[in-house]
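Chemist: Required output: the full structure, derived from the provided sequences and hints.
Protein chains: 2
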Amino acid sequence: MSSARKRLRVPAGTAVAFQGELGAFSQRAVYQIFGHNIRPTPCVTFDEAFEKVARRKVPLAVIAIENSLAGSIHQNFDLLTKHSVEAIGETYVRIEHHLIAHPDALLTAIRQIYSHPVALAQCQKFLRKMRRAEKVSFYDTAGSVKYIREQELRTAAAIASADAARIYKMKVLRRSIEDNRENYTRFLAVALRGKYPQGGGKTTVVFGLKNEPGALFKALSVFALRNIDLTKIESRPIHGKPWEYLFYLDLQSDIRSRACSNALRHLREMTLYFRVLGSYPTY
Amino acid sequence: MSSARKRLRVPAGTAVAFQGELGAFSQRAVYQIFGHNIRPTPCVTFDEAFEKVARRKVPLAVIAIENSLAGSIHQNFDLLTKHSVEAIGETYVRIEHHLIAHPDALLTAIRQIYSHPVALAQCQKFLRKMRRAEKVSFYDTAGSVKYIREQELRTAAAIASADAARIYKMKVLRRSIEDNRENYTRFLAVALRGKYPQGGGKTTVVFGLKNEPGALFKALSVFALRNIDLTKIESRPIHGKPWEYLFYLDLQSDIRSRACSNALRHLREMTLYFRVLGSYPTY
Numbered sequence: 001m002s003s004a005r006k007r008l009r010v011p012a013g014t015a016v017a018f019q020g021e022l023g024a025f026s027q028r029a030v031y032q033i034f035g036h037n038i039r040p041t042p043c044v045t046f047d048e049a050f051e052k053v054a055r056r057k058v059p060l061a062v063i064a065i066e067n068s069l070a071g072s073i074h075q076n077f078d079l080l081t082k083h084s085v086e087a088i089g090e091t092y093v094r095i096e097h098h099l100i101a102h103p104d105a106l107l108t109a110i111r112q113i114y115s116h117p118v119a120l121a122q123c124q125k126f127l128r129k130m131r132r133a134e135k136v137s138f139y140d141t142a143g144s145v146k147y148i149r150e151q152e153l154r155t156a157a158a159i160a161s162a163d164a165a166r167i168y169k170m171k172v173l174r175r176s177i178e179d180n181r182e183n184y185t186r187f188l189a190v191a192l193r194g195k196y197p198q199g200g201g202k203t204t205v206v207f208g209l210k211n212e213p214g215a216l217f218k219a220l221s222v223f224a225l226r227n228i229d230l231t232k233i234e235s236r237p238i239h240g241k242p243w244e245y246l247f248y249l250d251l252q253s254d255i256r257s258r259a260c261s262n263a264l265r266h267l268r269e270m271t272l273y274f275r276v277l278g279s280y281p282t283y
Numbered sequence: 001m002s003s004a005r006k007r008l009r010v011p012a013g014t015a016v017a018f019q020g021e022l023g024a025f026s027q028r029a030v031y032q033i034f035g036h037n038i039r040p041t042p043c044v045t046f047d048e049a050f051e052k053v054a055r056r057k058v059p060l061a062v063i064a065i066e067n068s069l070a071g072s073i074h075q076n077f078d079l080l081t082k083h084s085v086e087a088i089g090e091t092y093v094r095i096e097h098h099l100i101a102h103p104d105a106l107l108t109a110i111r112q113i114y115s116h117p118v119a120l121a122q123c124q125k126f127l128r129k130m131r132r133a134e135k136v137s138f139y140d141t142a143g144s145v146k147y148i149r150e151q152e153l154r155t156a157a158a159i160a161s162a163d164a165a166r167i168y169k170m171k172v173l174r175r176s177i178e179d180n181r182e183n184y185t186r187f188l189a190v191a192l193r194g195k196y197p198q199g200g201g202k203t204t205v206v207f208g209l210k211n212e213p214g215a216l217f218k219a220l221s222v223f224a225l226r227n228i229d230l231t232k233i234e235s236r237p238i239h240g241k242p243w244e245y246l247f248y249l250d251l252q253s254d255i256r257s258r259a260c261s262n263a264l265r266h267l268r269e270m271t272l273y274f275r276v277l278g279s280y281p282t283y
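Going down the list, the protein sequences come from chains A and B.
Final position of the first sequence in this note's numbering is 283; the numbers increase by one with none missing.
Final position of the second sequence in this note's numbering is 283; the numbers increase by one with none missing.
Calculated directly from the structure, the hints in this document are not laboratory data.
All values reported here derive from a predicted model rather than from experimental measurement.
Derived coverage of chain B by chain A (criterion: at least 3 residues anywhere in the stretch with Cβ under 8 Å from a Cβ of chain A; other residues may be distant):
| no. | stretch |
| --- | --- |
| 1 | 178-184 |
| 2 | 215-223 |
| 3 | 226-240 |
In silico PhoX-like links for lysine-lysine, alpha-carbon gap of 20 Å or less:
| no. | chain 1 | residue 1 | chain 2 | residue 2 |
| --- | --- | --- | --- | --- |
| 4 | A | 232 | B | 218 |
| 5 | A | 52 | A | 82 |
| 6 | A | 82 | B | 125 |
Glycine included, every Cβ here is placed at the ideal spot set by N, Cα and C.
Modeler: What follows is the structure, encoded as structure tokens:
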């Protein structure tokens, strides 16, 4: 996260949409990809962030796609395919959860703990010790800090990032309360298709196959035969075709290379539906 | 659903756990697999249903594993692997959502609509027309009918099954309000490992691979080379090993066949972790 780190260069002040309130982990991802010289634009839902890009209200969005503990955010795979956007970069954010409260609050006086349900689930060991506090699901981690600040609650706390505590001028009551420290979220930067140059160490594709034995095996062969490494496979249902799927693959390969572009040409030949969702660097 | 349909025979009165209240779609799945001569045992969470089987409180549970629109219920893949259980049968339930209310209620007077968030999401077209009604997320479809009955609410309605309306003596205000009629949920019957005979048209396995290029391709080759059809692939994160996955495969194959047992022996050879989650018939 040093300033020497490679960034995706965009004009100063460019609006970048993300899901959550200021101080959300997504905002950190925005800064990791674009640096601090942009305008982070909070959205209530992922849908809203995608829509803003698709309708040209903002040029860019940063979207959480997978957490190393909770798994894929499947909804966002569906939204990537629904909208005419493409990925232009990825980044990984270490998720460190803190218990955050009003500067005057005392740990022993806390009776409600607000956070996003995934964050609550990732701090179960700590929460079990807080027996007298009710756990309350909220739409966003940073949003729960903001809410407690706005309502000036002294007996409520939130689970969120250190950034959220700083932004809303709140106190960290207990640091690093997550059960598992190997907690990372992967984010994609997305833009309207064709607006930014494509290419980088990772390529993501989505495709649908004929419903016949060995179809997926044959699809993967185009990469295996070229020693292209697959870092991730995900499947999502096709609406209206029960038990048929769209497959999402992440390849450790640059679409500008001959092997990758040939492999994709070969894959397209054997699919009913095919789209490159992006070829991009890691920031 | 005729009585001539094949059932999994268990002693009369056997307890079968399922997630949800009486009248949940899961209860219908219980009857489809075991017939009506069993004792359906409601559980608040999926975790509770699995725990009941693992701790020998009940011999059987029926668990929703995938919906044709919403996709896999990933949590239940994790729970299948966590507990020492195995699948002994599967069934498919057509999901038909109805708007259900107190017998004295009027459609125009409805101000809240309660249901499970997935059911709310699957009735968006209808809900958009009910502009004056607030949508309220509830833990269970049938549970929301039960709640409205218990509270004797006249201005609230629930989205749930016809069974739930019948059980709680409530009225169907509007039939089949789901956006997409191709809405099915697949359920697995699970028992403690080794308690019921294994074998049937479908086999489910879970495995972890070495992190090397072509690993998944080689794993799938054991089935492709034997013309064993893969009906489903799912990946889930391994906790503590960011960006490594467990893969779940459904095979159209009976573990008692030579091809299937050889393929699985071959697969086991190339995996770091391997387990058969069940080989079972469809009811």
